[in-house]
Amino acid sequence: MMTNPTGRVTQGQFSFLPDLSDAEITAQIEYGLKKGYAWSVEYTDDPHPRNTYWEMYGMPMFDLADAAGVLQEMNACRKTFPQHYIRLMAFDSTRGIESIAMCFIVNRPAVEPGFGLVRQEAEGRTMRYTVHSYATDRPEAERYAP
Amino acid sequence: MASPLYAIPGSTPAAMPAGSPTPPAGAPDAAAPAAPRTVAEVLRASQVESVMDELDRDLVGLSPVKQRIRDIAALLVIDKLRLAHGLQAATPSLHMCFTGNPGTGKTTVSLRMAQILHRLGYVRKGHLVAVTRDDLVGQYIGHTAPKTKEVLKKAMGGVLFIDEAYYLYRPENERDYGQEAIEILLQVMENQRDDLVVILAGYKDRMDTFFQSNPGMSSRIAHHIDFPDYAQGELMAIAGKMLSSMAYRFDPAAERAFDEYLARRLQQPHFANARSVRNALDRARLRQASRLFADRERELTPAELTTIAEGDIRASRVFGP
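Listed in order, the protein sequences are those of chains U and W.
FYI, in the working numbering the residues of the first sequence are 1406 to 1551.
FYI, in the working numbering the residues of the second sequence are 28 to 348.
The shape of chain U in the complex, shown without the other chains (with noise of 0.2 Å):
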């Protein structure tokens, strides 16, 4: 995509900056875990920015002290979806907000071949674009398969 000549997705926060470490991982997870947010880890191997519902991998963790925690659920899920898209999401469910507060990308698959665009011919000369991810034209659980 034009914006983005790296060719990565960028969703959420940090996207734009280069992976984060665990370290600063964590250090973002215990900015939360002060906030009073409740973390939970979900995964999609869709990229599509309209797909916003991602797999939960495990339950929404709330009532947690310390980032050791998260961060174990978090290195679970890579261990089984190595090659997905992993994000954390921090649910703040403070009355009246009762929202995902923060939400990041953790884990990407090696090559993103990213979007193409896709032009429809529709009445008269209108035409209709939008995008499709190249990922998604290989079945579930085999995109972005080495």
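The set of hints was computed from the structure by calculation and includes no laboratory data.
Note that the structure is a prediction, hence the values are computed from the model and not measured.
You may find that some hints are simply not true.
[Stated by the list, open to error] Derived contacts from chain W toward chain U, CB cut-off under 7 Å, selection only:
(1) PRO119
(2) ARG151
(3) LYS152
(4) HIS154
(5) LYS181
(6) MET183
(7) GLY185
(8) GLU287
(9) ARG291
All residues carry an ideal CB built from backbone N, CA and C; glycine is no exception.
Given chain U, work out where chain W should sit, using these hints.
Chain W in isolation, oriented as in the chain U frame:
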């Protein structure tokens, strides 16, 4: 650092000016305080002494327990000093087992233990998660592992206190899920020693049987601490502390009566040390309340409201025939 912490992939990194005063990567942060050299410095930095003093002040008796905790604290302090000289890096195993009769202060001490370990910097958060078998073991296949893992995650960075740990293992039922919880516990106790400290507690004889059937558990616990029963004088001191914390006091006759009460109660079965003292005091408070309640028109002074009289103690069924 040769390169800035972050760079946009694909962009050319900005050249660092030559001779910039950035420390080499991996060098200790210059702003960090100098490594401690003496025991006093570590103690000052960690304020562990105030916890130890509190322990001495608030907890009556238990001298072997206090000595053991002092030893552990001393080891941790010395380890800090050794670390400053680059000696030994492995975290010592801090898992503990508290055995003792009911009401000997196992839970109270483990709460303090969490504080001490936190001030020494061996657990990051210093909170205590107290659980029993119900919180770890599930009811059907596949229920136990997520349940145990969730508890472990909550306890990370603090102390996991498993009360009556011997219930985890039920030898009479070979399909019991407790074994699964024990295996997960063992794995975390071994691999994530710097993330959490596990304290098991229970009655002496049953814990011994538990360890006999789970030798792996016993060998992974470095500190087996036995809590002795309280002597009668110590129980009196505990009663005094409990009363003053509730803003009550004995009058002299009541104090003698309570001493006598303890002497008689100690002879009876099911004596639960400090817990029995608390219950006895609660009952005395009830009797004091109904004694004052009976006299409706009298104006009560603060002294009357706070004093437990001899009669409130003597009415106990321990003094019965």
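Going down the list of hints, with the structure as the test:
1. At its closest, the beta carbon of W/PRO119 sits 18 Å from a beta carbon of chain U; the interface hint therefore is violated under the 7 Å criterion.
2. A least Cβ separation of about 6 Å between W/ARG151 and chain U falls short of the 7 Å threshold, and the interface hint therefore holds.
3. Given the 7 Å rule on beta carbons, the hint for W/LYS152 holds: about 5 Å separates it from the nearest Cβ of chain U.
4. Taking 7 Å as the C-beta cut-off, the interface hint given for W/HIS154 holds, the closest approach to chain U being about 5 Å.
5. Look at W/LYS181: its Cβ gets to within about 6 Å of chain U, closer than 7 Å, so that hint holds up.
6. Interface restraint check for W/MET183: the shortest CB-CB distance to chain U comes to about 4 Å, inside 7 Å, so the restraint holds.
7. At a threshold of 7 Å, the smallest CB-CB gap from W/GLY185 to chain U is about 6 Å, leaving the interface hint in force.
8. The interface hint given for W/GLU287 is broken, as the beta carbon of that residue sits about 47 Å from the closest beta carbon of chain U, more than 7 Å.
9. At its closest, the beta carbon of W/ARG291 sits 45 Å from a beta carbon of chain U; the interface hint therefore is violated under the 7 Å criterion.
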